[in-house]
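Each protein sequence line maps, in turn, to chains A and B.
Going by the numbering used here, the first sequence opens with residue 1, and the numbers climb by one from there.
Going by the numbering used here, the second sequence opens with residue 1, and the numbers climb by one from there.
Errors might be hidden in some of the hints.
Just a sample of chain A residues kept apart from chain B, beta carbon distances all over 10 Å, derived [unchecked claim]:
#1 Thr5
#2 Pro73
#3 Arg77
#4 Ala108
#5 Asp115
Which stretches of chain A does chain B cover? Using the computed rule of at least three CB atoms under 8 Å from a CB of chain B, they are [claimed, not checked]:
#6 25 to 38
#7 128 to 138
Computed list of chain B residues with no C-beta within reach of chain A, every gap over 10 Å [as the list claims (entries may be wrong)]:
#8 Arg10
#9 Lys11
#10 Pro14
#11 Ile31
#12 Glu35
#13 Glu42
#14 Val44
#15 Arg51
#16 Ala53
#17 Arg55
#18 Glu63
#19 Lys67
#20 Tyr68
#21 Arg70
#22 Lys77
Quick caveat, the hints were computed from the structure, so don't treat them as lab data.
Computed from a predicted model, the values in this text were never measured in an experiment.
Ideal Cβ placement from N, Cα and C applies to all residues, glycine included.
For reference, the chains in residue letters:
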Amino acid sequence: MSERTDLLLAIADDELILGWRNSEWTGIAPFLEEDVAFSSIAQNEIGHARALYELAAAELGSTADELAFDRPPEEYRAAPLVQLRRLEWARTIARHWLYETADELRLAALKDSDDREIAGLAAKMDREEAYHRMHAEMWVDRLLATEEGRERLGEAVDELWPYALGVLDDTLRPELAARAQKKLGRALPDVEPIARGVHEDELAELWKEMTSVRRSAPAGAQW
Amino acid sequence: MIYEVFRQERKGQPFQHAGSVTAPNEEFAEIYAREQYGRRQESVALWLAPRAALREIDEFPDEFEMKYRRVDGYSIKARLQEARERAGTLDMAPGAASE
């Protein structure tokens, strides 16, 4: 496993697991339009995961499906932030916004990569992520506009902050903190990041559900 | 707020009413319209308009039943053809072979 495939798998796992988590709102989001929008965002994330897995698979002599579904949960590199099951709207928006903000910084760095495949894919992803960010920012602004919203979002952000820091490596963390502080108009708690490599219990549960079809059908089944 | 969404399927085609989205403001309406009517590449452009900005006209009084104003009552095709022949404008009629 090269440093390159390590990086690709980390981002792919983030996008796959977050896409899965976001899709848990399908059918039960606060209202119909949001249901469609958030489900569509979830599908986009999973589409990004597939493209990233394909790039890694080409190097590893594997396939995107094998990488997405045939590894044990402890081998996933997804940041703990996306593993958490937080089926509560303020927390969902807090995570969505924290992740998209972190992802923007990560993609900006990757777009400058000397690896043309990675730089190209990052640019392509970023064009879609721009709408995710717009969606997340609008929601945060909307929650910040009322007292109840500000309180609930603030609580959720504080809870998720060490996880949000864990999405990025230490070179990009200060910029994430600066952006979050600017948006919220206050400093974020000074905490240790909960970094990649940690596996939350919720991940194993999600993995079981996510791979159930794959495991129930013989490998190589065509859909 | 309810926003009415119109979509254009291909460049040059007329926009047609696609449906509506409920959104707290124009920015949310844009996101929701994009996701509902554009995410499958089914549209090349969308128009968004707050429902309140549309003026609906739904009364068309016809007290004297002036049927002769309607085109569905009788066929004028043969009579039109005759008239065109008389006037020598047959080749200018819609659908006529142009040379």
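Hint by hint, here is what the structure shows:
For A/Thr5, the non-interface assignment is confirmed: its Cβ lies about 31 Å from the closest Cβ of chain B, beyond the 10 Å cut-off. For A/Pro73, the non-interface assignment is confirmed: its Cβ lies about 31 Å from the closest Cβ of chain B, beyond the 10 Å cut-off. Listed as outside the interface, A/Arg77 is consistent with that label: its C-beta sits roughly 29 Å from the nearest C-beta of chain B, beyond the 10 Å cut-off. Chain B leaves A/Ala108 outside its interface by the beta-carbon criterion, the shortest separation being 22 Å against a cut-off of 10 Å.
Distance check on A/Asp115: its Cβ is at least 29 Å (rounded) from any Cβ of chain B, clearing the 10 Å threshold; non-interface status holds. Under the rule that three or more residues need a Cβ within less than 8 Å of chain B, the assignment of the region 25 to 38 of chain A holds, with 6 such residues. Check on the region 128 to 138 of chain A: 4 of its residues sit with their Cβ under 8 Å from a Cβ of chain B, so the three-residue criterion for coverage holds. No Cβ of chain A comes within 10 Å of the Cβ of B/Arg10; the nearest lies about 22 Å off, and the non-interface call holds.
A cut-off of 10 Å between C-beta atoms confirms that B/Lys11 is not in contact with chain A; the least separation is 21 Å. The Cβ of B/Pro14 lies farther than 10 Å from every Cβ of chain A, with a closest approach of about 25 Å, so its non-interface assignment holds. Residue placement check: B/Ile31 does not keep its beta carbon more than 10 Å from all beta carbons of chain A (closest about 5 Å). A beta-carbon of chain A is positioned within 10 Å of the beta-carbon of B/Glu35; the least distance is around 4 Å.
Taking the minimum C-beta to C-beta distance to chain A, about 13 Å, the non-interface status of B/Glu42 holds against the 10 Å cut. For B/Val44, the shortest C-beta to C-beta distance to chain A comes to about 17 Å, beyond the 10 Å cut-off, and the non-interface label holds. Non-interface call for B/Arg51 relative to chain A: holds, since the shortest CB-CB distance, roughly 14 Å, exceeds 10 Å. For B/Ala53, the shortest C-beta to C-beta distance to chain A comes to about 19 Å, beyond the 10 Å cut-off, and the non-interface label holds.
For B/Arg55, the shortest C-beta to C-beta distance to chain A comes to about 25 Å, beyond the 10 Å cut-off, and the non-interface label holds. At roughly 43 Å, the least C-beta separation between B/Glu63 and chain A is larger than 10 Å, which holds for a residue marked as non-interface. The non-interface label for B/Lys67 is consistent with chain A: the shortest C-beta to C-beta separation is roughly 45 Å, beyond 10 Å. With a cut of 10 Å on Cβ distances, B/Tyr68 stays outside the contact zone with chain A, its closest approach being about 48 Å.
The claim that B/Arg70 lies off the interface holds: its Cβ sits roughly 40 Å from the closest Cβ of chain A, which is beyond the 10 Å cut-off. With a least CB separation of 47 Å from chain A, B/Lys77 remains clear of the 10 Å interface cut-off, as annotated.
When the structure is compared with the earlier hints, violations turn up for hints 11 and 12 and for no others.
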